[in-house]
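**Student:** Quick mapping for you: the protein sequence lines, in order, are chains A and B. Numbering-wise (our numbering), the first sequence opens with residue 759 and increments by one. Numbering-wise (our numbering), the second sequence opens with residue 235 and increments by one.
Hints should not be assumed to be uniformly reliable.
To be verified - Pair ranges (Cβ atoms, derived):
#1 T491(B) / E802(A): 21 to 27 Å
#2 K834(A) / D385(B): 26 to 32 Å
#3 G261(B) / P797(A): 50 to 56 Å
#4 A412(B) / K779(A): 45 to 51 Å
#5 A840(A) / G261(B): 21 to 27 Å
#6 K290(B) / E790(A): 21 to 27 Å
#7 E802(A) / D586(B): 52 to 58 Å
#8 P797(A) / E288(B): 27 to 33 Å
Unchecked claim - Below are the EDC-like pairs computed for lysine to aspartate or glutamate, each with C-alpha atoms no more than 16 Å apart in a straight line:
#9 K426(B) / E405(B)
#10 K779(A) / E288(B)
#11 K779(A) / D385(B)
#12 K535(B) / E805(A)
#13 K779(A) / D308(B)
#14 K779(A) / E388(B)
#15 K779(A) / D413(B)
#16 K784(A) / D308(B)
No lab work stands behind these hints: they were computed from the structure. In this text, a Cβ means the ideal position worked out from N, Cα and C, and glycines have one as well.
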Amino acid sequence: MAKNITIFTTNTCAYCGMVKKWLSAKGMNYEEVNLDEQPDRQKEAFEMSGSLTVPVTVITKHDDTREVVVGYNLAKLAPAVA
Amino acid sequence: MAKEVIVYGADWCPSCKRLIEKLNTEGIAFEYRDVEQAEIGNEHLGIAGNNIPEGKRGIPTIVVDGEMQVYPDDEWLKSRLDFTSDQTPDTKVHDVVMVGAGPASLAAAIYTTREDLDTVLYEKGVVGGLASITDWVDNYPGYPDGISGMDLGENLRKQAERFGAQIELGEVTGIKTADGLVELETTDGPVKAKAALVATGSDYKRLGVPGEDDYYARGVHFCATCDGAFYRDKRLVVVGGGNSAVQEAMFLTKFATKIDMLVRGDKMRASEVLQHDLEKFKDKITVHFNTSTDEIVGDGKLVTGVKGTKNGKQELFETDGVFVFIGLKPNTGFLAGTSVELDDIGLIKTNDKLETAIPGVFAAGDVRSGATMQIASAIGEGATAALRIREYLEELAR
Ligand SMILES: Cc1cc2nc3c(=O)[nH]c(=O)nc-3n(C[C@H](O)[C@H](O)[C@H](O)COP(=O)(O)OP(=O)(O)OC[C@H]3O[C@@H](n4cnc5c(N)ncnc54)[C@H](O)[C@@H]3O)c2cc1C
Numbered sequence: 759m760a761k762n763i764t765i766f767t768t769n770t771c772a773y774c775g776m777v778k779k780w781l782s783a784k785g786m787n788y789e790e791v792n793l794d795e796q797p798d799r800q801k802e803a804f805e806m807s808g809s810l811t812v813p814v815t816v817i818t819k820h821d822d823t824r825e826v827v828v829g830y831n832l833a834k835l836a837p838a839v840a
Numbered sequence: 235m236a237k238e239v240i241v242y243g244a245d246w247c248p249s250c251k252r253l254i255e256k257l258n259t260e261g262i263a264f265e266y267r268d269v270e271q272a273e274i275g276n277e278h279l280g281i282a283g284n285n286i287p288e289g290k291r292g293i294p295t296i297v298v299d300g301e302m303q304v305y306p307d308d309e310w311l312k313s314r315l316d317f318t319s320d321q322t323p324d325t326k327v328h329d330v331v332m333v334g335a336g337p338a339s340l341a342a343a344i345y346t347t348r349e350d351l352d353t354v355l356y357e358k359g360v361v362g363g364l365a366s367i368t369d370w371v372d373n374y375p376g377y378p379d380g381i382s383g384m385d386l387g388e389n390l391r392k393q394a395e396r397f398g399a400q401i402e403l404g405e406v407t408g409i410k411t412a413d414g415l416v417e418l419e420t421t422d423g424p425v426k427a428k429a430a431l432v433a434t435g436s437d438y439k440r441l442g443v444p445g446e447d448d449y450y451a452r453g454v455h456f457c458a459t460c461d462g463a464f465y466r467d468k469r470l471v472v473v474g475g476g477n478s479a480v481q482e483a484m485f486l487t488k489f490a491t492k493i494d495m496l497v498r499g500d501k502m503r504a505s506e507v508l509q510h511d512l513e514k515f516k517d518k519i520t521v522h523f524n525t526s527t528d529e530i531v532g533d534g535k536l537v538t539g540v541k542g543t544k545n546g547k548q549e550l551f552e553t554d555g556v557f558v559f560i561g562l563k564p565n566t567g568f569l570a571g572t573s574v575e576l577d578d579i580g581l582i583k584t585n586d587k588l589e590t591a592i593p594g595v596f597a598a599g600d601v602r603s604g605a606t607m608q609i610a611s612a613i614g615e616g617a618t619a620a621l622r623i624r625e626y627l628e629e630l631a632r
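Could you put the whole structure together from the sequences, leaning on the hints where they help?
**Tutor:** See below:
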């Protein structure tokens, strides 16, 4: 199980909405960082993911290890939050 | 000890029926409370009221030993109830399964569910399809000031779900017929239905040049609404000269300070209206005709430029990123090896009833050969397909 989940999003990104919907349907809470509202955190999203894209989902596990999922990718998200 | 399970539902609600069937299959005892009875309706609102999304009825709602969940999914149920089978395969024969949940399927689902046909949609990407990732839609009738693509997609989803459409997030990987039924192979396992609608639309075409894969999402992009925000005060290259390329280049001026548009031919393919709009962005967008895109180069981490050939001469366009809009490729790969007939570009051939070569399998929207490739027409085709599917099912029942 995840200890906490952070999603980097933007206002116009439809795939971000899909990740949020999917997590909510699983009853999981997440913190959202909207890069349109907090552009100063873009660097952080890039450093975590190595990509200039959203959504970026950062899953912190109970042992404090981290998994980063780039894009809306259920094949990677599902095991990462399991 | 057995848990106390209460299900709030109504007889007209297909997802309630499904939940009940699931609990029965798993041998889980529960008490059913019909919210159509005023007293129970009030009781349900009392416990679930705050958790019901706007515009919805909030059923089924389940209460397991006092813990309440509106619209429980499999994951939620499995973690609270003793399901004996580890996976609950979808063994039911649905009336209709739709492949894709873009405008065409969502429109079709509004019609089929209102006719009380049990309808399941599979979507591998965004519910709302390409419409949902379009920044702004100005030509969809009924919205005098235009509407954001994301809102339009969301409205279609809500309307389809209101009547009971079930949207599953997963991909359909194959389709066949057996014993008069359509059998779909999905990432969640096989699914059976009496009829199917293929409305899978299309995906962005890739350039197929060196550097494109290496720098994917690190400077090479195919979705402006998704990734445009990373190019605030940066330089960009947009490849393409059609409607999408022009529309998206204009959207990207919200972020980028300078955009070079590389157009292979000697003129734009975009509509007159869009070309006229493009004129207004002259100070930010420079159009280069007769320019091919040959290679995307970078520093190993991010893109730094695009190598092209302009009027026969090689040129380097320095840039922080490249957005590629060179047209679309039909999503019909999963039909390979089936008897569904495709045209030269891979679009599905249908007759005037929107039937493909496989009985019971229909096609609508952008993926259909001869389609107009617009949201309004995709929605029209969805409605037509739904009515033809109903006729087909009536025929089948005779
Ligand atoms: C940049 C851009 C701008 C546009 N602007 C406009 C505009 O202003 N006005 C207008 O009318 N039209 C516009 N269009 C066109 C419009 O988006 C399409 O005509 C419309 O979305 C077609 O709907 P559809 O349902 O047929 O297909 P799509 O919208 O493409 O939906 C198909 C869905 O099927 C899913 N899918 C595909 N394969 C599978 C599979 N194997 N399993 C599960 N799911 C699958 C896809 O993920 C997708 O969500 C634009 C298109 C683009 C690209």
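**Student:** A separate judgement is required for each hint: does it hold in the structure or not?
**Tutor:** For each hint, the structure was consulted:
1. Separation of T491(B) from E802(A) is about 23 Å and conforms to the stated range, judged on CB atoms against 21 to 27 Å.
2. Remark: the range hint 26 to 32 Å for K834(A) to D385(B) is upheld by a beta-carbon distance near 28 Å.
3. Hint check: G261(B) to P797(A), Cβ distance near 54 Å, so the stated range 50 to 56 Å holds.
4. Range check, A412(B) to K779(A): about 33 Å between beta-carbon atoms, so the 45 to 51 Å window is missed.
5. Checking the proposed 21 to 27 Å range against A840(A) and G261(B) shows it holds: the Cβ atoms sit about 26 Å from each other.
6. A hinted range of 21 to 27 Å holds for the C-beta pair K290(B) and E790(A), which are about 22 Å apart.
7. Our hint of 52 to 58 Å for E802(A) and D586(B) holds, since their Cβ atoms are close to 55 Å apart.
8. At roughly 30 Å, the beta carbons of P797(A) and E288(B) sit within the given window of 27 to 33 Å.
9. With a C-alpha separation of about 15 Å, the suggested pairing of K426(B) with E405(B) holds against the 16 Å cut-off.
10. Distance check on the hinted pair: K779(A) and E288(B) sit about 15 Å apart at the alpha-carbon level, within 16 Å; holds.
11. Proximity of K779(A) to D385(B) is assessed by CA-CA distance (about 15 Å); at most 16 Å being required, the pair is judged to hold.
12. Of the supplied pair hints, the one linking K535(B) and E805(A) holds, its CA atoms being roughly 11 Å apart against a limit of 16 Å.
13. Pair hint K779(A) plus D308(B) holds up; C-alpha atoms about 15 Å apart against a cutoff of 16 Å.
14. With a C-alpha separation of about 12 Å, the suggested pair K779(A) and E388(B) falls inside the 16 Å cut-off, and the hint holds.
15. For the hint pairing K779(A) with D413(B), the CA-to-CA distance comes to about 37 Å; that exceeds 16 Å, so the pair is violated.
16. Of the supplied pair hints, the one linking K784(A) and D308(B) holds, its CA atoms being roughly 9 Å apart against a limit of 16 Å.
Hints 4, 15 from the list above are not met by this structure, while the remaining hints are.
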